[in-house]
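*Asks:* Spelled out from the first residue to the last, the chains are:
Number of protein chains: 2
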Amino acid sequence: MADEVNDLFDSSDSVRSGKPLEYAQTIVFPGPIKLTTGGILPEIRVAYETYGELSPHKDNAVLIFHALSGDSHVAAHNENDDPGWWDVLVGPGKYVDTNRYFVICANVLGGCRGTTGPDSVNPETGKEYGMNFPPINVADIVDVQRMLVESLGIERLLAIIGGSLGGLMALDWGVRYPDSVSGIVAIATGARMTMQALAFDVVARNAIMSDPHFYGGEYYDKEEGPSTGLAIARMLGHITYLSQESMNRKFNADRNVGRKIDTSFETKFSVGSYLAYQGGKFVERFDANSYLALTLALDAFDLGPSREALIAAMRRSMCRWLFVSFTSDWLFPSFQARELVDAAIAADKRVSYCGIKSDCGHDAFLLESESNVYGGLTDSFLHHLSLDWQNNDPERRDQLNADYGKPTPPQKERVDFDTILSLIPPKTRILDLGCGKGELLLRLKERGHDRVMGVEIEERRVLQCVENGLDVIMADLNEGLKSFSDHQFDFVVLSMTLQRIANVEIVLKEMLRVGARVIVSFPNLGYRKYRSRLDDGRAPVTDPRSDKNWYNTKDVRYMTIADFEEFCREKGCKIFRKVALNSETGKVVADRENEDADVVVVVLGS
Amino acid sequence: MADEVNDLFDSSDSVRSGKPLEYAQTIVFPGPIKLTTGGILPEIRVAYETYGELSPHKDNAVLIFHALSGDSHVAAHNENDDPGWWDVLVGPGKYVDTNRYFVICANVLGGCRGTTGPDSVNPETGKEYGMNFPPINVADIVDVQRMLVESLGIERLLAIIGGSLGGLMALDWGVRYPDSVSGIVAIATGARMTMQALAFDVVARNAIMSDPHFYGGEYYDKEEGPSTGLAIARMLGHITYLSQESMNRKFNADRNVGRKIDTSFETKFSVGSYLAYQGGKFVERFDANSYLALTLALDAFDLGPSREALIAAMRRSMCRWLFVSFTSDWLFPSFQARELVDAAIAADKRVSYCGIKSDCGHDAFLLESESNVYGGLTDSFLHHLSLDWQNNDPERRDQLNADYGKPTPPQKERVDFDTILSLIPPKTRILDLGCGKGELLLRLKERGHDRVMGVEIEERRVLQCVENGLDVIMADLNEGLKSFSDHQFDFVVLSMTLQRIANVEIVLKEMLRVGARVIVSFPNLGYRKYRSRLDDGRAPVTDPRSDKNWYNTKDVRYMTIADFEEFCREKGCKIFRKVALNSETGKVVADRENEDADVVVVVLGS
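Keeping their order, the protein sequence lines are chains A and B. Residue numbers 61 to 666, in the working numbering, belong to the letters of the first sequence in order. Residue numbers 61 to 666, in the working numbering, belong to the letters of the second sequence in order.
Just so you know, these hints were derived from the structure itself, not from any lab. The beta carbon of each residue, even a glycine, is placed where N, CA and C say it ideally should be. Worth double-checking, as some hints may not be accurate.
With a Cα cut of at most 35 Å, we get these calculated DSBU-like pairs of lysine-lysine [to be verified]:
#	chain 1	residue 1	chain 2	residue 2
1	B	Lys589	B	Lys409
2	B	Lys614	A	Lys638
3	A	Lys328	A	Lys341
4	B	Lys569	A	Lys542
5	B	Lys634	A	Lys608
6	A	Lys614	B	Lys310
7	A	Lys187	B	Lys638
8	B	Lys631	A	Lys589
9	A	Lys608	B	Lys282
10	A	Lys282	B	Lys341
11	B	Lys320	A	Lys542
12	A	Lys328	B	Lys341
13	B	Lys542	A	Lys417
14	A	Lys417	B	Lys569
15	A	Lys417	B	Lys282
16	A	Lys341	B	Lys417
17	B	Lys569	A	Lys589
18	B	Lys589	A	Lys589
19	A	Lys187	B	Lys320
20	B	Lys341	A	Lys608
21	A	Lys608	B	Lys631
22	B	Lys614	A	Lys542
23	B	Lys310	A	Lys569
24	B	Lys282	A	Lys341
25	A	Lys614	B	Lys341
26	B	Lys282	A	Lys282
27	A	Lys569	B	Lys614
28	A	Lys310	B	Lys569
29	B	Lys417	A	Lys631
30	B	Lys409	A	Lys320
31	B	Lys631	A	Lys417
32	A	Lys310	A	Lys154
33	B	Lys417	A	Lys310
34	A	Lys282	B	Lys328
35	B	Lys589	A	Lys614
Partial chain A-side listing against chain B, Cβ under 7 Å, derived [claimed, not checked]:
#	residue
36	Met191
37	Ala259
38	Ala267
39	Ile292
40	Asn654
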């Protein structure tokens, strides 16, 4: 029976028990401390844990925010220690390598795991705060963590990492204390709760507050608290953490087989006994008043209620951003990450984004099975933040690169790259669409362009770009470039990608809007070898990958240089330069380009 | 204030009040009646309403099943009557035209709107059943409605329509009483609840049963019932009826502005006051024990827990099926409809499916804004059911067509159609991929093929096919033909569509699996005009629509007859026939086909 229960009920989220945190340290900030809501606390106690060593330069500190029900125990401190809630990510040799970084994680204000919250004893009354605990905002939670970081002698964090509700806190820090953090990793989060997530929180709070044992929040001296309401709230939460797919995987095999567990809740179906179990476990370790205080703070949070407000908020930030979302997450759907990414782009910040393909729902950000991408992105992002900080210390940079241990692989050069590079003046700002793993962008960076950015649709390419220290946005070009502002870049490049694009008109129009100049390279169907192939009765394939055929090439557009020139004339866009190339000779084609060139590079403007 | 409340709170789902149903009739079936669960009821009372007139042949009866909280009042009976819950669909001149059809809608067994349920008085005890109401299955609900239909003198229904949970009942009828219904329209439903939807039901029941005023279900003589738990259950339900998009549309403008309403629930956010309002309204008109009894019946329902079981169930049915889903519905996601469609196809039933693009969530099936598609599909489906029933009575068919009022528009003929028709022997079974509005299928039907079916990706084309009385499945060919069994059809046709398909290898392989023979027609890039265009330095476009260019054609594949022949050799598939055509002359090309034909028709087999 026990095994069966474990089999069904094991969850990344249920490892936390209610027992004291052995490695937690405590710091008390004396008051009175005024909150942003107007409330006042006579003192604030903070429980936190640290991992690794702070470097002599204090340039390796990483702060991690936990989500609603987490605590300071982000990772195990040693083999014998209890598991941490993000052991997958944090530890020696892991993605957030505690051999390299000094990691800090603290229980949030309003919580119930060591930091001052509604269940803490008010020193002025000698009784728990209960409903007298003042309302708090996310800003108050962040301010308290900032006090902690400063008390540790850290002026500037290398990075802040926040997943889920912890991401909201990370965002708040980024825009309110811009000069105290170099980079922010925001995973499975958004600028605010979706209306749907907010609605679930409302129902959860109604369940708690209408529990007859809630006693208006003054239940600490009662025999029984609102454990039924809190358990129901938690059941709801658990549904939102999973996806349709992951729920099916977990519960479908024995859908109608409930488990016998000690509960007053329904256990008719396997998923029912799981929810009853999770609800029951939760009330052992969590305080209902904390649930109310924290969800109200989080539900009220809004980084910016309109696109304009969001851009204004992001404009205040000074850090690099890494946003990560998961395709099956419906608590913080990918469109929320995209909204933040778009605002960061519009505010002209350095930003990367990856929408990871996963069927694990919101939980994905805690799972080992999904960690190679979100962990790999975080690892590379932190490494390049470190490098940037050490810009003027080559010795330290070499050491950091040695610690990182991932050398940049040699790049395969394409025939059009030299030409494109020769057409781009120094110091200009460049956006590369369909950037692959970033070969062209890396060469531009080496040449000293400090504002280069890529757009790419393939997940593994996005990961490679971030490994290369590049800013890259995962997006489908066919949906246009709405993330980008008018004339945001000096050059927008589309190299050997036009033939893959269905919505040619939209993409070219958008490129001309976003770039002062546009550079396009593409294969020329007019090339003599292609012509003669059709003369022989066979369809030419312009895909440079020789193993591809008419039926399996990813190319969907075929055009000659003459076709493209006519297209530009018709659409009223000017061709400023045109360099025709022959990839076999590697030379520029001066005459009869529509016959003798297999690749052409064109500079356009409107 | 009242206006403001209405503005926010008006909902298709909240029109029902608790007041008596003026037009409801009642019939009592004397007992004892044994249920499928083993329970026994001393009698069953059924409240029902009817609309329109039963025809002398009794061939126009349409039964509609309501969902969880509905009742017999599916539509208003006249201008002064209360609104019905599906007025959008049902009424004189509407999609389910009560001038043509005799519509029946009854409150379900276990409900609380006139039909026997937990709040009914048990004649044997003189007290409400309460928790002594026996458990029921969906089968019991259906059996009672069948007794009602028989009591009205109807042996065979023209159609059953069920949306949402009503769809589960429609499905159950279809497989258990196959000879008593000609067609079933199942909208926004599934073979069972998803695990996620089941989980929400569990939480809802926990909220009701843990309400201290539940008294184990014996609350009828108490001052207060479990109205808090029931309201919380309803709040949850309302979230699942909406989509992210529709919630945002409804509540985002004044997200933080709660409405002042008379409630003990939280009203801090606009969505919170909406949920409080809906929860409060619901408890005025619905019984908590009914909520438990019905959701337990529905959660236990499973038409078939595996693909094999589902196919076996569908095999028992004898009706035509129309399945409709909505893209943003996450209570009954489209994959559930597809699962049913696939089972119906595998069971070789006549079936159509449309996945309607909508951002309104599950509620879409009740909304006027989405009704032109789901209503139009239902209208056409019912009409063709009627026609089929009158197969031997041309006079009655003419009358039905006159009533329907939508003449089949004259079809534009394509050059390859005659050839394809000539290659298909009589009486064979044909699947047409990318069938458009069904021109070829209609000609095949006219020729006497009684098993023809189409697959089409465009919504308006699917609607046109159903208007034409054809069986059509909305699907993307690039995802393969996994709905279809090996050699399910004699011929699988892909006419002038190959050039639009990215996954050529998969689609052709799948066609050869599903059809004994395969017929493909496509434009030949080798055609002399195309060659000479490339000789002139321009890319040929083989799209027959003359206004399309290299950059905006939907074509993504270009191949010559020779290319295709080589492809077939390499993939080991045999070409049995090849007819090359010239669309300008309209003639067959005998020699030099790779130069002189612009279209080719090929018959393949493996």
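*Asks:* Does each hint hold? Answer for all of them.
*Replies:* Right, here's what the structure says about each hint:
no.	hint	in the structure
1	B:Lys589 with B:Lys409	violated, 46 Å
2	B:Lys614 with A:Lys638	holds, 28 Å
3	A:Lys328 with A:Lys341	holds, 19 Å
4	B:Lys569 with A:Lys542	violated, 39 Å
5	B:Lys634 with A:Lys608	holds, 23 Å
6	A:Lys614 with B:Lys310	violated, 41 Å
7	A:Lys187 with B:Lys638	violated, 91 Å
8	B:Lys631 with A:Lys589	holds, 26 Å
9	A:Lys608 with B:Lys282	violated, 77 Å
10	A:Lys282 with B:Lys341	holds, 33 Å
11	B:Lys320 with A:Lys542	violated, 39 Å
12	A:Lys328 with B:Lys341	holds, 29 Å
13	B:Lys542 with A:Lys417	holds, 23 Å
14	A:Lys417 with B:Lys569	holds, 27 Å
15	A:Lys417 with B:Lys282	violated, 53 Å
16	A:Lys341 with B:Lys417	violated, 41 Å
17	B:Lys569 with A:Lys589	holds, 31 Å
18	B:Lys589 with A:Lys589	holds, 19 Å
19	A:Lys187 with B:Lys320	holds, 34 Å
20	B:Lys341 with A:Lys608	violated, 63 Å
21	A:Lys608 with B:Lys631	holds, 15 Å
22	B:Lys614 with A:Lys542	holds, 23 Å
23	B:Lys310 with A:Lys569	holds, 34 Å
24	B:Lys282 with A:Lys341	holds, 33 Å
25	A:Lys614 with B:Lys341	violated, 56 Å
26	B:Lys282 with A:Lys282	holds, 27 Å
27	A:Lys569 with B:Lys614	holds, 19 Å
28	A:Lys310 with B:Lys569	holds, 34 Å
29	B:Lys417 with A:Lys631	holds, 32 Å
30	B:Lys409 with A:Lys320	violated, 42 Å
31	B:Lys631 with A:Lys417	holds, 32 Å
32	A:Lys310 with A:Lys154	holds, 28 Å
33	B:Lys417 with A:Lys310	holds, 30 Å
34	A:Lys282 with B:Lys328	holds, 28 Å
35	B:Lys589 with A:Lys614	holds, 26 Å
36	Met191	violated, 14 Å
37	Ala259	holds, 5 Å
38	Ala267	holds, 6 Å
39	Ile292	holds, 6 Å
40	Asn654	holds, 5 Å
In summary, the numbered hints that this structure violates are 1, 4, 6, 7, 9, 11, 15, 16, 20, 25, 30, 36.
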